[in-house]
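2 protein chains.
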Amino acid sequence: MCPPALIPYKPKNPKTRLSSLLSDEERERFAAAMLDDVKAAVKDAMCSPVLVCTELFDSEDVQVTITDADLNGSLNAILPQSVGPTLIIMADLPLADAASIRRVIQTDKDVALVPGRGGGTNVIFLKDPAKFHVDYYGASFLKHKKIAEEAGVSVDVIDSFRLHTDIDEPWDLVELLIHGTGKSRAYLEELGFSISADQGRVGVGRKR
Amino acid sequence: MCPPALIPYKPKNPKTRLSSLLSDEERERFAAAMLDDVKAAVKDAMCSPVLVCTELFDSEDVQVTITDADLNGSLNAILPQSVGPTLIIMADLPLADAASIRRVIQTDKDVALVPGRGGGTNVIFLKDPAKFHVDYYGASFLKHKKIAEEAGVSVDVIDSFRLHTDIDEPWDLVELLIHGTGKSRAYLEELGFSISADQGRVGVGRKR
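If you read the sequences in order, they're chains P and U.
Residues 1 to 208, numbered by the numbering used here, are exactly what the first sequence covers, in order.
Residues 1 to 208, numbered by the numbering used here, are exactly what the second sequence covers, in order.
Source of the hints: derived by calculation from the structure; they are not laboratory data.
Model, not experiment: these values are computed from the prediction.
Please note: incorrect hints may appear among the correct ones.
[As the list claims (entries may be wrong)] No more than 30 Å apart at the CA atoms, straight line, and that leaves these computed lysine-lysine pairs for BS3-like: (1) P:183 <-> U:183; (2) P:183 <-> U:207; (3) P:207 <-> U:183; (4) U:183 <-> P:143.
[Unchecked claim] Distance ranges between label pairs, derived from CB positions: (5) U:80 <-> P:83: 42 to 48 Å; (6) P:17 <-> U:208: 26 to 32 Å; (7) P:196 <-> U:153: 26 to 32 Å; (8) U:102 <-> P:84: 31 to 37 Å; (9) P:171 <-> U:149: 23 to 29 Å; (10) U:76 <-> P:59: 47 to 53 Å; (11) U:154 <-> P:83: 53 to 59 Å; (12) U:203 <-> P:128: 55 to 61 Å; (13) P:81 <-> U:135: 30 to 36 Å.
Ideal placement from N, C-alpha and C gives every residue a C-beta, glycine not left out.
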């Protein structure tokens with residue numbers, strides 16, 4: 001099984017909540033490094049990455065679909081035309097690895113969901129994509145569970161902190177510096193970031 | 001296999017970082033409800049809970065060990081005397097369930113670790129407890145990995161958001177209200193807490 005893995009991606013002005021730590025250019029390069037980590041994990045799990053972008057974006061190694069709709073609109077235009085099992089995975093999950101993605105795509109249910117921090121949905125796996133539509137933003141995890149129930153399809157919730165950990169806020173960088181192994185962690189280290197650990201809470205610092 | 005599950009527990013003045021949302025008495029009852037959820041999950045996974053308390057604490061249904069040392073001191077006094085596989089699990093993991101704990105205790109390595117948010121360690125499973133000592137606080141996950149390496153024992157890292165999600169800060173309550181199924185979630189709802197979900201980030205609110 002080599003299902004397509006749709007990866008929504010915003011190349012311009014990404015990750016604005018990291019603006020206090022990273023310049024505009026650094027945010028773009030960091031988002032691209034996280035995307036590379038997600039693509040690598042997806043390929044290791046034998047899925048075929050397909051970027052879903054709202055802007056023109058050159059990618060040598062993977063298929064790119066350009067759309068002028070928002071996240072929900074784009075995916076909800078693609079899903080009804082999709083045949084066979086389809087994965088949707090966010091681009092800001094640099095801790096994703098083949099093992100965690102395999103646990104998702106090997107579900108024995110019709111739909112598998114991986115919740116993100118704060119009620120979001122980080123990964124969706126659909127055996128029959130035409131029976132589902134997405135509704136991101138807000139407590140999307142609860143919305144997606146309900147959409148599946150209303151469609152009469154069975155739902156699995158995959159218990160993974162690697163896929164649960166989306167990188168949005170400055171304190172999320174701690175997770176990447178501790179558990180990351182790919183390009184985005186290397187890029188943070190190149191920029192001078194490291195964890196600052198005393199006996200209390202662990203923070204993140206940057207040498208300039 | 002019915003390994004003991006050591007659960008360090010502080011009955012007095014727990015969870016001080018929730019003081020902005022909960023009164024002293026509410027924090028004590030909330031911590032006790034989370035402990036009940038952890039005990040239930042541990043029992044469902046066929047482990048035998050043993051509370052490790054620094055204060056006298058009555059518990060009808062489980063064994064209690066009273067110690068006057070701190071967290072590290074207490075556990076490091078117990079481990080050398082422990083024979084056979086032993087689990088150490090924190091009391092503030094109300095999303096713990098039997099499936100996630102089973103994944104920990106079924107490891108084929110000598111030691112299994114589950115990282116907590118921000119570099120902490122939420123669960124440790126030791127096949128030979130006498131070969132290990134704990135060093136909590138700060139980036140304890142990295143310290144525990146190193147302790148295992150220095151002891152020459154193999155380490156597994158279990159990928160679970162249910163065991164990764166320790167409840168410390170106000171925003172952690174969102175996770176419990178979305179994914180919890182036990183007494184601590186019910187207690188929060190009894191107190192009037194619910195998630196407030198608009199199209200942006202999900203928060204938590206309280207009706208008084």
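Going through the hints against the structure:
The straight-line distance between the Cα atoms of residue 183 (chain P) and residue 183 (chain U) is roughly 42 Å, outside the 30 Å bound, and the hint therefore fails. For a cut-off of 30 Å, the pair hint linking residue 183 (chain P) to residue 207 (chain U) is broken: about 45 Å separates their Cα positions. Note on residue 207 (chain P) and residue 183 (chain U): the hinted pairing is violated, with a Cα-Cα distance of about 45 Å set against a maximum of 30 Å. Straight-line distance between C-alpha atoms of residue 183 (chain U) and residue 143 (chain P) comes to about 24 Å, which keeps the hinted pair within the 30 Å bound.
Checking the proposed 42 to 48 Å range against residue 80 (chain U) and residue 83 (chain P) shows it is violated: the Cβ atoms sit about 60 Å from each other. For the hinted restraint 26 to 32 Å between residue 17 (chain P) and residue 208 (chain U), the CB-CB distance of approximately 31 Å keeps it satisfied. One distance hint, 26 to 32 Å for the beta-carbon pair residue 196 (chain P) and residue 153 (chain U), holds here, with the actual separation near 29 Å. Between residue 102 (chain U) and residue 84 (chain P) the beta carbon distance is about 32 Å. The supplied range of 31 to 37 Å therefore holds.
For the pair residue 171 (chain P) and residue 149 (chain U), the beta carbons lie near 27 Å from each other, so the given range of 23 to 29 Å is met. Between residue 76 (chain U) and residue 59 (chain P) the beta carbons are some 52 Å apart, a value that agrees with the proposed interval 47 to 53 Å. Under the hint 53 to 59 Å, the C-beta atoms of residue 154 (chain U) and residue 83 (chain P), about 43 Å apart, miss the expected range. Distance hint check for residue 203 (chain U) and residue 128 (chain P): the Cβ-Cβ separation is about 34 Å, which falls outside the suggested range of 55 to 61 Å.
Under the hint 30 to 36 Å, the C-beta atoms of residue 81 (chain P) and residue 135 (chain U), about 54 Å apart, miss the expected range.
Of the hints listed earlier, those the structure fails to meet are numbers 1, 2, 3, 5, 11, 12, 13, in rising order.
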